[in-house]
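Peer 1: Read off the chains here:
Protein chains: 2
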Amino acid sequence: MKAEIITIGDEILLGQIVDTNSAWLGQQLFDLQIHVQQITSITDSESHILQALTAAQSRADVIICTGGLGPTKDDVTKATVAKFFNTTFVHNEEVMVHVKQIFERFNRTMPAMNYGQADVLANAEVLFNDWGTAPGMWVEHEGKVFIFLPGVPFEMKNLMTHRVIPKLKNFYSEEKLVLRYILTVGIGESHLAEMIADIEDSFPDQVHLAYLPKIGMVRLRLTVSGKDVEQLNLLADELQEQLIERIGKAVVSTEDISFEEVLIKSFVADNCALATAESCTGGNIARVITEVAGASEMFEGGIVSYSNQVKVSQLGVSESTLEAFGAVSEETAVEMAKGAKERLGTSYAVATTGIAGPGGGSQEKPVGTVWIAVAGKQEVQTKLFRFHGDRQINIERATAQALLMLWNLYRQEKGD
Amino acid sequence: MKAEIITIGDEILLGQIVDTNSAWLGQQLFDLQIHVQQITSITDSESHILQALTAAQSRADVIICTGGLGPTKDDVTKATVAKFFNTTFVHNEEVMVHVKQIFERFNRTMPAMNYGQADVLANAEVLFNDWGTAPGMWVEHEGKVFIFLPGVPFEMKNLMTHRVIPKLKNFYSEEKLVLRYILTVGIGESHLAEMIADIEDSFPDQVHLAYLPKIGMVRLRLTVSGKDVEQLNLLADELQEQLIERIGKAVVSTEDISFEEVLIKSFVADNCALATAESCTGGNIARVITEVAGASEMFEGGIVSYSNQVKVSQLGVSESTLEAFGAVSEETAVEMAKGAKERLGTSYAVATTGIAGPGGGSQEKPVGTVWIAVAGKQEVQTKLFRFHGDRQINIERATAQALLMLWNLYRQEKGD
Numbered sequence: 001m002k003a004e005i006i007t008i009g010d011e012i013l014l015g016q017i018v019d020t021n022s023a024w025l026g027q028q029l030f031d032l033q034i035h036v037q038q039i040t041s042i043t044d045s046e047s048h049i050l051q052a053l054t055a056a057q058s059r060a061d062v063i064i065c066t067g068g069l070g071p072t073k074d075d076v077t078k079a080t081v082a083k084f085f086n087t088t089f090v091h092n093e094e095v096m097v098h099v100k101q102i103f104e105r106f107n108r109t110m111p112a113m114n115y116g117q118a119d120v121l122a123n124a125e126v127l128f129n130d131w132g133t134a135p136g137m138w139v140e141h142e143g144k145v146f147i148f149l150p151g152v153p154f155e156m157k158n159l160m161t162h163r164v165i166p167k168l169k170n171f172y173s174e175e176k177l178v179l180r181y182i183l184t185v186g187i188g189e190s191h192l193a194e195m196i197a198d199i200e201d202s203f204p205d206q207v208h209l210a211y212l213p214k215i216g217m218v219r220l221r222l223t224v225s226g227k228d229v230e231q232l233n234l235l236a237d238e239l240q241e242q243l244i245e246r247i248g249k250a251v252v253s254t255e256d257i258s259f260e261e262v263l264i265k266s267f268v269a270d271n272c273a274l275a276t277a278e279s280c281t282g283g284n285i286a287r288v289i290t291e292v293a294g295a296s297e298m299f300e301g302g303i304v305s306y307s308n309q310v311k312v313s314q315l316g317v318s319e320s321t322l323e324a325f326g327a328v329s330e331e332t333a334v335e336m337a338k339g340a341k342e343r344l345g346t347s348y349a350v351a352t353t354g355i356a357g358p359g360g361g362s363q364e365k366p367v368g369t370v371w372i373a374v375a376g377k378q379e380v381q382t383k384l385f386r387f388h389g390d391r392q393i394n395i396e397r398a399t400a401q402a403l404l405m406l407w408n409l410y411r412q413e414k415g416d
Numbered sequence: 001m002k003a004e005i006i007t008i009g010d011e012i013l014l015g016q017i018v019d020t021n022s023a024w025l026g027q028q029l030f031d032l033q034i035h036v037q038q039i040t041s042i043t044d045s046e047s048h049i050l051q052a053l054t055a056a057q058s059r060a061d062v063i064i065c066t067g068g069l070g071p072t073k074d075d076v077t078k079a080t081v082a083k084f085f086n087t088t089f090v091h092n093e094e095v096m097v098h099v100k101q102i103f104e105r106f107n108r109t110m111p112a113m114n115y116g117q118a119d120v121l122a123n124a125e126v127l128f129n130d131w132g133t134a135p136g137m138w139v140e141h142e143g144k145v146f147i148f149l150p151g152v153p154f155e156m157k158n159l160m161t162h163r164v165i166p167k168l169k170n171f172y173s174e175e176k177l178v179l180r181y182i183l184t185v186g187i188g189e190s191h192l193a194e195m196i197a198d199i200e201d202s203f204p205d206q207v208h209l210a211y212l213p214k215i216g217m218v219r220l221r222l223t224v225s226g227k228d229v230e231q232l233n234l235l236a237d238e239l240q241e242q243l244i245e246r247i248g249k250a251v252v253s254t255e256d257i258s259f260e261e262v263l264i265k266s267f268v269a270d271n272c273a274l275a276t277a278e279s280c281t282g283g284n285i286a287r288v289i290t291e292v293a294g295a296s297e298m299f300e301g302g303i304v305s306y307s308n309q310v311k312v313s314q315l316g317v318s319e320s321t322l323e324a325f326g327a328v329s330e331e332t333a334v335e336m337a338k339g340a341k342e343r344l345g346t347s348y349a350v351a352t353t354g355i356a357g358p359g360g361g362s363q364e365k366p367v368g369t370v371w372i373a374v375a376g377k378q379e380v381q382t383k384l385f386r387f388h389g390d391r392q393i394n395i396e397r398a399t400a401q402a403l404l405m406l407w408n409l410y411r412q413e414k415g416d
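Protein sequence lines, in the order shown, are assigned to chains B and V. full-length UniProt numbering applies: residue 1 is where the first sequence begins, and numbers increase by one. full-length UniProt numbering applies: residue 1 is where the second sequence begins, and numbers increase by one.
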């Protein structure tokens with residue numbers, strides 16, 4: 001099954017927003033065995049819209065259009081889409097009532113332009129939008145499915161999850177899919193591929209293995225397709241088990257959750273608590289931890305000790321250490337981690353100190369030099385990194401490596 | 001002048017990565033008065049690549065292709081691109097030496113697949129890549145310009161900035177462009193548009209005004225095009241001055257920099273220092289501040305006080321306050337801000353405490369309830385917010401509002 005995504009409107013083309021919707025849609029559709037073949041972002045000119053819809057229809061089975069139908073948009077878009085289907089727009093009173101209620105809820109008068117929100121394509125099934133004002137639409141046309149969704153990510157995702165995906169599953173019902181995940185850390189993608197090459201080679205045609213790499217980790221996604229779900233589950237379990245056995249300790253989780261979620265769940269289950277002491281990562285480690293719902297069950301808090309003074313006053317780093325070795329040193333990192341662990345009363349702490357750039361580097365300690373220390377129940381481990389990215393990339397890499405070091409120490413102390 | 005962007009490869013279509021490159025390219029090209037008309041992401045099948053290149057050539061003057069030419073990619077891509085131009089690949093020894101040096105620098109043996117990096121299109125001018133291994137290429141073909149760049153954002157951006165943009169400027173030299181920026185805070189996009197409607201209506205055709213909104217702020221970008229740069233500058237200055245006068249105090253900056261950069265520069269210039277005390281934002285305020293190079297000149301550090309215990313021990317929030325009013329309360333926010341300011345010895349501090357969700361809400365304090373306090377040289381200001389997004393959006397909004405409150409107090413105390 002093939003899909004294409006079309007985004008209409010200037011925001012993406014002008015670079016005013018980054019298109020995060022398409023990647024998310026790509027993942028969701030893949031899990032339904034619907035493969036996105038093309039993503040097209042276009043301006044809202046009539047000829048361009050007609051051209052894109054026609055081309056997508058000729059290649060794909062499912063066409064998802066996001067954006068371009070909100071209240072402030074040019075009428076061109078709506079009129080053009082209606083023209084493409086050789087249909088018109090009709091007023092939907094249920095949508096109108098809903099839009100009015102939303103404005104009432106926020107005690108705001110509804111600008112007149114919002115009346116148009118209730119105009120839906122005459123040939124569409126309305127996908128009711130509980131999360132915003134613009135409704136989604138489902139159109140079946142010449143054997144293809146066209147789905148129109150608002151561009152606001154929060155609304156688009158909820159409409160997909162609650163309205164579109166259940167319908168798509170029904171619509172393409174012959175082929176069933178089951179998925180299995182294996183999250184691995186500490187093995188590079190190509191090394192992992194070598195490690196399991198013979199297993200992968202032995203997979204039957206109905207099985208597909210995808211490698212999804214991130215800094216320091218690779219997620220494997222096993223897709224098994226066929227008719228009989230029970231049989232598919234048996235096969236998927238068996239293959240997953242083979243892979244897990246081969247990969248061994250590097251397997252971190254078999255759930256489709258992030259590494260941070262695995263870390264948090266494990267800490268909670270073992271009653272461990274975490275504190276952070278961040279210099280060069282500037283709060284980013286705390287952020288990625290607290291971005292996960294439920295982090296409060298294991299994360300006590302952290303100190304962003306950007307200045308030396310704060311390293312001393314809030315973490316108890318000794319002034320003589322700073323003088324003798326500098327802020328970017330193994331000694332300072334160790335004292336930061338120990339200080340955070342002690343002062344925040346946790347079983348684990350992680351500390352970073354380095355030069356994120358672009359300024360502040362020296363010959364001895366160039367930009368990208370980062371010391372990371374993790375303090376556990378029994379010991380403190382340290383590591384020196386030399387990253388080669390720009391400021392943002394260096395911060396991201398240091399954050400990822402800090403969490404990996406934390407994980408490794410935790411596993412080691414647990415005796416795994 | 002019209003441009004299209006083509007990204008080749010499965011990573012974006014499968015949703016394994018978000019395409020941040022295209023938005024950045026869209027901005028850069030816009031500043032050269034080159035308007036991106038379409039962004040196309042495709043798989044690396046021969047027919048798909050040929051179709052996309054042909055279609056783009058028929059519509060655009062400049063076609064930028066990113067990704068698809070790295071060492072691990074299928075040879076299909078390279079062969080197809082050569083076929084499209086009816087050319088072949090030639091070995092470039094300068095590139096080869098450079099690639100070898102990069103591996104030597106990291107003390108790593110060069111995998112054989114990297115020899116292919118030195119194979120460049122025979123009809124291309126090589127855009128030397130000082131930031132990675134894969135070279136960029138510039139091809140002039142049937143009156144159009146094709147630019148091939150690696151997909152790694154860091155490499156792509158450097159190649160664009162240092163190799164491509166200077167060449168594009170020369171290539172399309174008839175029309176000159178001058179740009180002016182006005183960053184405003186605290187006025188909504190539509191309100192701002194009303195405020196300056198008559199000025200905007202009076203603009204001559206050669207002037208374009210773009211509204212670039214973010215949470216709590218709108219950036220105006222004024223583009224003036226024509227032949228005589230001196231005259232264009234005079235006109236741009238005059239129009240910018242008119243707008244600034246009308247908008248008044250909401251104008252924050254006339255430079256093309258982020259709001260965080262404006263805040264940091266202003267604090268540095270006035271010798272002010274900042275501390276953060278974060279509960280629900282979990283380190284995100286510290287992160288957005290420290291993401292800016294030079295933040296260390298005004299940011300002392302912060303406390304992420306996720307647990308009540310840390311609010312007490314590290315910020316001096318009183319236990320009786322927590323008991324009487326709860327962690328999510330005006331009283332706690334005030335004590336957090338005061339505590340951070342005092343303990344970290346700064347002139348300003350900002351504090352957040354709230355319920356980011358999805359759990360933790362109650363009827364009285366639903367998910368999205370956030371108290372923010374800012375402490376300045378003379379006073380403390382507080383504000384209650386009720387956000388309606390998911391966890392991530394609530395954190396982002398709270399972060400943006402906290403910085404806006406900080407800015408307003410700073411300006412007020414400065415007597416602006």
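Certain hints may be false.
One copy or two, it doesn't matter: identical chains are merged, so the pair holds either way.
What the hints assert, rightly or not - Derived BS3-like pairs: lysine-lysine, alpha-carbon spacing no greater than 30 Å straight-line:
1) Lys338 with Lys414
2) Lys365 with Lys227
3) Lys414 with Lys169
4) Lys338 with Lys383
5) Lys83 with Lys338
6) Lys169 with Lys383
7) Lys100 with Lys214
8) Lys365 with Lys338
It is worth saying that the hints were derived from the structure and are not from the lab.
Peer 1: If a hint holds in the structure, say so; if it doesn't, say that too.
Peer 2: Hint by hint, here is what the structure shows:
1. Lys338 with Lys414: Within one copy only: 19 Å inside, 40 Å across.
2. Lys365 with Lys227: neither (59 Å within a copy, 48 Å between copies)
3. Lys414 with Lys169: neither (42 Å within a copy, 60 Å between copies)
4. Lys338 with Lys383: within (15 Å within a copy, 36 Å between copies)
5. Lys83 with Lys338: neither (67 Å within a copy, 61 Å between copies)
6. Lys169 with Lys383: neither (48 Å within a copy, 45 Å between copies)
7. Lys100 with Lys214: Answer is between; shortest inter-copy Cα gap is 25 Å, intra-copy 44 Å.
8. Lys365 with Lys338: Cα proximity of lysine 365 and lysine 338: one copy only (23 Å, versus 36 Å across).
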